[in-house]
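Asker: Each chain is listed here by its residues.
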Amino acid sequence: MLRLDDVTSYYGKTPILHGINIDLKKGECLCVIGRNGVGKTTLMQTVMGLTTRIDGKISIDGEEMTRRSTAERAIAGLGYVPQGRRIFGKFTVRENILLGTFARQGIKAQIPEICLELFPYLRDNLDKKAGFLSGGQLQQLAIARALATDPKILLLDEPTEGIQPNIVEEIYHTLVRLNKNIGITLVLTEQHIKIAKSLSDKFIIMDTGRLVHSGTSEELTDDVVNTYLSI
Amino acid sequence: MSVTDFWTPFELNSFLNALFIGLSIASIWLIAAVGLTIIYGTMGVINMAHGELIMLGAYTTYVLQTFFYIPFLLCLPLVFVIVSIFGLFIERTIIRRLYNRPLDTLLATWGLSLILIQGVRVIFGTAPKYVSIPGWLNFQVSLGFLHLPGFRLFIILATAALIFGTWYIAYRTTWGIRVRAVMADPDMASSFGIDSNRIYSITFAYGAGLAGVAGALFGGLKTLLPDMGSGYIVEAFLVVVVGGTQLLGSIFSSIILGELASIFSYFTNDTFARFVLFTLIVIFLRFRPQGLITEGMKRR
Chain F
11 MLRLDDVTSY
21 YGKTPILHGI
31 NIDLKKGECL
41 CVIGRNGVGK
51 TTLMQTVMGL
61 TTRIDGKISI
71 DGEEMTRRST
81 AERAIAGLGY
91 VPQGRRIFGK
101 FTVRENILLG
111 TFARQGIKAQ
121 IPEICLELFP
131 YLRDNLDKKA
141 GFLSGGQLQQ
151 LAIARALATD
161 PKILLLDEPT
171 EGIQPNIVEE
181 IYHTLVRLNK
191 NIGITLVLTE
201 QHIKIAKSLS
211 DKFIIMDTGR
221 LVHSGTSEEL
231 TDDVVNTYLS
241 I
Chain Z
2 MSVTDFWTPF
12 ELNSFLNALF
22 IGLSIASIWL
32 IAAVGLTIIY
42 GTMGVINMAH
52 GELIMLGAYT
62 TYVLQTFFYI
72 PFLLCLPLVF
82 VIVSIFGLFI
92 ERTIIRRLYN
102 RPLDTLLATW
112 GLSLILIQGV
122 RVIFGTAPKY
132 VSIPGWLNFQ
142 VSLGFLHLPG
152 FRLFIILATA
162 ALIFGTWYIA
172 YRTTWGIRVR
182 AVMADPDMAS
192 SFGIDSNRIY
202 SITFAYGAGL
212 AGVAGALFGG
222 LKTLLPDMGS
232 GYIVEAFLVV
242 VVGGTQLLGS
252 IFSSIILGEL
262 ASIFSYFTND
272 TFARFVLFTL
282 IVIFLRFRPQ
292 GLITEGMKRR
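Protein sequences, first through last, are from chains F and Z. With the working numbering applied, the first sequence covers 11 to 241. With the working numbering applied, the second sequence covers 2 to 301.
Same shape as in the complex, but just chain Z (with noise of 0.2 Å):
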């Protein structure tokens, strides 16, 4: 194999539509991490079974599709509604036992997602499921030298959405200003009669939400399987760690991260550009661990 094989040329115009495939990509990425940026810097819980709370989302579309004929955008709240309140049953059993037992919650979560696995596997079999896209997003738009699909184009918009209304809820309302109380100080939050195991619940919920709207759009971008959860459980843990649990750190480093893996995509392969991106990981946490943006609020 020679160099020119393994190594693209560049060329602009190809190079501009590798940079909107990496800003695809890191709105497919950031929609993953929101919701366990949101449990991991509320609550200091690390969810092994996020990845799963994505597949039961896609799941879910599915169930409201072919069984209750509910049109594709009806279904994203709805799902949210839905993984949200299985998100609050989580908490309510199994999370809320274990706060401040990082190792076991890490366990425990893990068990939780190879149970939910072989929950769907057991109820749906292992054939492929799908979710369908309305057709008018079956378009797209083409710019001169750009090509972007409408369903992608959709996720952008959908995830920036999704983003403002986290930041609107977080340091617009007087809900966001209890969370983020409860993130800095939780004694002192709750010496002003903040609930501290109310605000974990709803926040877990919340973001066990995120995660199945994540999930009911991944469902328009790619075939549904039982284990589909683990595919995006890596990226997203990969956004919340370079980012630094912060909200912001996680839309940086989802950007980052996003066009760097399409840019090393475009002038060498996937596979590559995955090794590259990886050492680059490391390399970047080997000098700052705490990520990109560390913890908000500082105790004075």
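Chain F with its partners taken away, still in its complex shape (with noise of 0.2 Å):
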């Protein structure tokens, strides 16, 4: 479903990524795993086509995106929910949600059903200006809007990242049903571990822009977090 083949990524003329190999299939979920500042972060940008100049090569379902722009990856199936995400504060809900619409070609915008069964306060507050949502109200619009776009592959980067504990565990309950029920593959960078290993099939850690590790969750024992995490 999703191929990254010694991927090296780019800001400006600085390689950011170096030589970075997945291979994700249909339904799967990959969870990226790395102390602050090793480029989980890149690596979803990189993904996205928001970095400078990518080497190697990238592609969804076998279809090459290594030269596609940010727009036709999202077209094609890529969901993205960024660190920190960035919704539009002075929009309204509604008009947030209908942003991700635009990735759907020739279909009237209009809000998918299942962006408001997964999130009812959204549907109570579509015309409510989102700058005055709270942390978690807000992650849950980014990820309603992600996938207003009907993605293929959802990358969510740091999506418990500051949230209140209660809603965590609703954004946590909400993916695994993306992930097992809907189908949708799954790529996510998270920093708590716990939540890593429940969630996804697989995960990588990064340090310093390289793949350092990987395997099946199962295999993402505390001896491994010691190794390559701990400060």
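Derived from the structure by calculation, the hints contain no laboratory data. A few of these clues could be false.
To be verified - List time: in silico EDC-like cross-link candidates among lysine to aspartate or glutamate, alpha-carbon distance up to 20 Å: (1) F:K139 to Z:D186; (2) F:K207 to F:E228; (3) F:K118 to Z:D196; (4) F:K100 to Z:D186; (5) F:K100 to Z:D188; (6) F:K162 to F:D33.
With the hints as a guide, dock the two chains, each given alone in a separate frame, to form the complex.
Answerer: Put into structure tokens, the structure is as follows:
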């Protein structure tokens, strides 16, 4: 479903990621783990086409995306929930979700039911300015907005960062449902090892822009965590 | 010269007339500035050739009227389309290559303005040309002490209609959501399948089209000369800078600046009014360089 072959990514002329290889099958969930500043967000941005230059090859469903624009990748089925959410604060909740629907070609801009079914709070506040939502509600909106693109693959950058515990649990259950029930392939960066382990099928650990370890979620043991993630 | 020669004493009827003239000035400055506001607000491009797009609108109206006998009202949408297409051509061939290079864009559009002035001079000569306005707009409304020229009223109404249309597109259509998203965060907008380059092209064309319509309307007020654009560009920039590059800000700033210009002119004269107005703008920008209304979108 998502394949990265020897991907090196640059900001300007500086390489940030070095020779990343990932092979993710349909419906799988991959968790990207690593300390702050090791390149997790850059990996997400690289897949989304938001870095300056990429060497190597990125493909979705066998279709090469390396030279495609971000907009074309979104249309091809990549949904993106960025770190810090980057919600349009002066837009209404409705307008924010409608933005996502623009990735669906040839379909009338209409909020998909699943976005409101998963997050009933949003249904009741469609005309509220997004800037007035709390951190957890903003994260729900960011996920709903990405879902509105009808993604095959959903990239979530730190989806539980800075969110109160009860909302973290809600988001966790939503992600389980999206992945296990609806079959959306997930790639997420996550600081909470417990969440990473219970949600994902696979994990990769990054350090200084390189993939240093990978395995199945059962292989994400305390030893691995201590070896690669202890400060 | 005595003070009374310089200073006109207050007289209510004349003062109210001056307020109407202020509104008329505001509508002219606003319609000249609205295209500039949209282009700068969306793309961050300072288009030094904006005045020449106004001039092209005026000359296009002249050509449509003189050689194709098209009535003035029908000229307005045609001019919008023609100058929009020209704007699209400029964006695709020049502006697009210079995004994120503001100084280069400034220089390139200034160079373009010189080419357009010279081009029109070569084609039409230096003799003034005229746009004829329909006879039914040659009326005057007299409301007691107020004397409102019909064509000035028409410009105010046309400006209001164009502003409303622009607001409607920006805030009531999915196209407007796309444009505002690109204005606020182009990267995020593109991650929803929005092609920023396409938005930029169409926005530039739309802004150019509005400048063209402004030129068509100004053609009914003044004679057409190849360098007429420079007469509007200063005021247009003042409106944009004082307004803060937002549509609402431009509306407020044009009304404030237009009224101030008219009131100062009423009490003194045009030259002194300009001096006072520019001084006030400099002082205002010293304390509020971001303008009246700042960028509408806030990233979260």
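Asker: Hint by hint, say whether it matches the structure.
Answerer: Hint check:
1. F:K139 to Z:D186: At roughly 17 Å apart (the allowed maximum being 20 Å), D186 of chain Z and K139 of chain F satisfy the hint.
2. F:K207 to F:E228: holds, 8 Å
3. F:K118 to Z:D196: Given that 20 Å is the threshold and the Cα spacing comes to 17 Å, the pair holds.
4. F:K100 to Z:D186: Given pair K100 of chain F, D186 of chain Z holds - Cα atoms ~12 Å apart, limit 20 Å.
5. F:K100 to Z:D188: holds, 17 Å
6. F:K162 to F:D33: Cα-Cα ~15 Å, so holds.
In terms of the numbered hints stated before, the structure departs from none.
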